[in-house]
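Each chain, letter by letter, is given below.
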Amino acid sequence: MWKVIGGFVGGIVLTGVVGWLMMPSMMFTERESPFDMEETVARIQQNVQETGNGWELSGLRNPARAIQRDGGNVLPVMMVEACSTKYSKPILNDDSVRFLSILMPCKITVYKKNNGKVYIGTMNAGLMGKMFGPLVGEVMGEVAKDQVNFVKFDPSKPAPKMIEGVPGGDGKGGAAGGGRGC
Amino acid sequence: MLNCRTLSSLMLAFGATLAVTAAWATSPPASQAPAAKPAEEAKRSTSTADHSKFKELQRSFTSGPEVTRACLTCHTEAAKQVHRTKHWTWEFLNPESGQRLGKKNIINNFCTAIPSNYAFCTACHVGYGWKDQNFDFKSQANVDCLVCHDTTDKYRKLPGWAGHPPYRDTEFPPHSGKIVKAVDLKTIAQNVGKTSRETCGSCHFYGGGGDGVKHGDMDSSLANPGKYLDVHMSPETHNFTCGTCHVTSSHDVPGSRYTPTAVTRAVPMRGKESDANPATCEACHTDRPHSLKGAEVKEHAAKLDDHTVKLACQTCHIPQFARGHVPTKLLWDWSTAGKLDKDGKPFVVLGSNKRPLYDSKKGDARYDTHVIPEYIWFNGMVNYTLRGEKLDPDKVVKINSFEGSPTDGKSKIWPVKVFHGKQPYDKQSLSLLIPHTFGTDEYAFWKHFDWPKALEAGMKAVDENFSGEYGFVATEMTWPITHMVAPKDDALRCTQCHSKFGRLQAVQGIYMPGRDGNRVLSFLGGWAALLALIGVLVHGALRIWSNRKGG
Chain A
1 MWKVIGGFVG GIVLTGVVGW LMMPSMMFTE RESPFDMEET VARIQQNVQE TGNGWELSGL
61 RNPARAIQRD GGNVLPVMMV EACSTKYSKP ILNDDSVRFL SILMPCKITV YKKNNGKVYI
121 GTMNAGLMGK MFGPLVGEVM GEVAKDQVNF VKFDPSKPAP KMIEGVPGGD GKGGAAGGGR
181 GC
Chain B
1001 MLNCRTLSSL MLAFGATLAV TAAWATSPPA SQAPAAKPAE EAKRSTSTAD HSKFKELQRS
1061 FTSGPEVTRA CLTCHTEAAK QVHRTKHWTW EFLNPESGQR LGKKNIINNF CTAIPSNYAF
1121 CTACHVGYGW KDQNFDFKSQ ANVDCLVCHD TTDKYRKLPG WAGHPPYRDT EFPPHSGKIV
1181 KAVDLKTIAQ NVGKTSRETC GSCHFYGGGG DGVKHGDMDS SLANPGKYLD VHMSPETHNF
1241 TCGTCHVTSS HDVPGSRYTP TAVTRAVPMR GKESDANPAT CEACHTDRPH SLKGAEVKEH
1301 AAKLDDHTVK LACQTCHIPQ FARGHVPTKL LWDWSTAGKL DKDGKPFVVL GSNKRPLYDS
1361 KKGDARYDTH VIPEYIWFNG MVNYTLRGEK LDPDKVVKIN SFEGSPTDGK SKIWPVKVFH
1421 GKQPYDKQSL SLLIPHTFGT DEYAFWKHFD WPKALEAGMK AVDENFSGEY GFVATEMTWP
1481 ITHMVAPKDD ALRCTQCHSK FGRLQAVQGI YMPGRDGNRV LSFLGGWAAL LALIGVLVHG
1541 ALRIWSNRKG G
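Quick mapping for you: the protein sequence lines, in order, are chains A and B. Counting from 1, one number per residue, gives the positions in the first sequence under our numbering. Counting from 1001, one number per residue, gives the positions in the second sequence under our numbering.
Listed below are the simulated BS3-like cross-link pairs for lysine-lysine, each with C-alpha atoms no more than 30 angstroms apart in a straight line: (1) B:Lys1361 x A:Lys161; (2) B:Lys1342 x A:Lys161; (3) A:Lys157 x B:Lys1345; (4) B:Lys1488 x A:Lys117; (5) B:Lys1272 x B:Lys1194; (6) B:Lys1354 x A:Lys157; (7) B:Lys1500 x A:Lys117; (8) B:Lys1398 x A:Lys117; (9) A:Lys113 x B:Lys1488.
These are computed hints drawn from the structure, not numbers from a lab. Quick caveat, the model's predicted, so the values are computed rather than measured.
Given these sequences and hints, build the entire structure.
Structure follows, in structure tokens:
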């Protein structure tokens, strides 16, 4: 009997440990970009605008600029912010999950590492949504599908211009404000 | 660490070229334009002369040489001094290798070479009128005083004008609709002063055909840099000008990219005759800089000081170059130049960073900011592949080779920018070719996009034959990184090198803890340590057990 209980508890603990260790890689993804910083950002912005479903750019943040203003250096980081009222409205309409507005707008981060390569970081919206009930799970599932398109690149297309003046951020760091879409 | 003399000379020499190119190719964005000098700064001037009160300068001037003649009435020896510098001769004889270098002689993998393109390139020469091989290098009036001593930020030399500024309002670039105002020589002459980041930068920031193109650690962002970008030059900190390090005497600016100081053997001392380079880090910071007063953890500081034996200061303190948001050019592929649009016109394709990905005049390009340097052993010796030297078209031709090794006792690990190119060579003589790019004549590549004609004219300008058969060979050119020194808090951390895939991954010849290791030895060592620990624990436990039993 004790063996069964011990095995059961051990299994739970093991699962918990494995889950704990895997959580970061499940919740967030990182992939290398074939383009430089600006082109990666510009192509993501273009994809957001072409995805439909109400998606609009709501900001471009550059936290590295804020650090530079304080006299320091970090490698480039830029965050493309996008939002769709089609997806934000149902969540913002429900008091029980309104706190999830903290996840808005949807962010995709582009950054350079010390190996000189550029990476794209995204949140696993689908998996995260499942943690908050059927409504959020369904909405975030749709967001996750669109998110896949945001980072799908067609190298045969010419490099678009990076859009720096989108509402919600001046591309120069830390800007807040009423972005479009959300 | 960078040799001041080398750097200064280089800067001046390249400066002219750069300024021309910059003016022509890339006007600095308004946000990067040098800031106007504050009134307080002008009041603090330490000059004992107000040039506006000099009678010689209280008249109108119609040309640069006229201004120079006026300058020389007081500064009688200045032009002769300039004549002896690389900024004037664009020539340098490397005493160690015997190679005759300088812009006049080398072929690089940017704009390639000045012969046949003089009027364009010499916009960055400290002189007036170098439009062909017949330029009078002995003329004192041909020395351009204003390009280095202007304090108004209004003096500008245009590519194609053989070093002259515009004396009348001029549409530039031609057919662009943009008007460059004529320079006011009288006002500029009455306001001359010391050199500044702006005057040196008017050429050196723009080398290779545009802002930040060539060097990577020098671009227009250094005209008014934030502390993050250059801890010495920032007005927020020490506000160094170029001349603060490149301490100049008799117009001879120390510092050169032809013979850089890789390892500082001596530093200049006030009152002592010395040919030591004043533009090295050690000239101010010594070779044990970390354990100077103020170091919080002495052991740590001493360990950092130990690194200075093998590491150039720049290796840790310039973690990336092109940090000022001006992209630097990393690739120039001449082999694709010459494509025309459906109307038969040249075109430019801009990338997302607003720099050309393709230009009919120049071919494919790649630019980037915040570039991680490559790291090499370097002992200060640079060898060039010169005109006429045989090359192997199946291999990458090194336009310049930086010598050095971990065992020669003269080398340190340096950060460098490696610039990749593809440029024309003669398939029969197997040597690099000079293209004639600039001009309105029938041979100019930028006018007619005809490689054979352009190459024939380019080689004719140096009295050498072109077989008529040409190809494009991959080339590399290396540039030491020495500007854009970051604040000390942003220096590389230990683990950025002492790790398997760290910055110095490719540097051979030294054992680096954290990077190097033998798997078998590490395995055995790990087990030995584990067994020793088990032994200690068992031994201790037995001691306790036997003690209790005995008690």
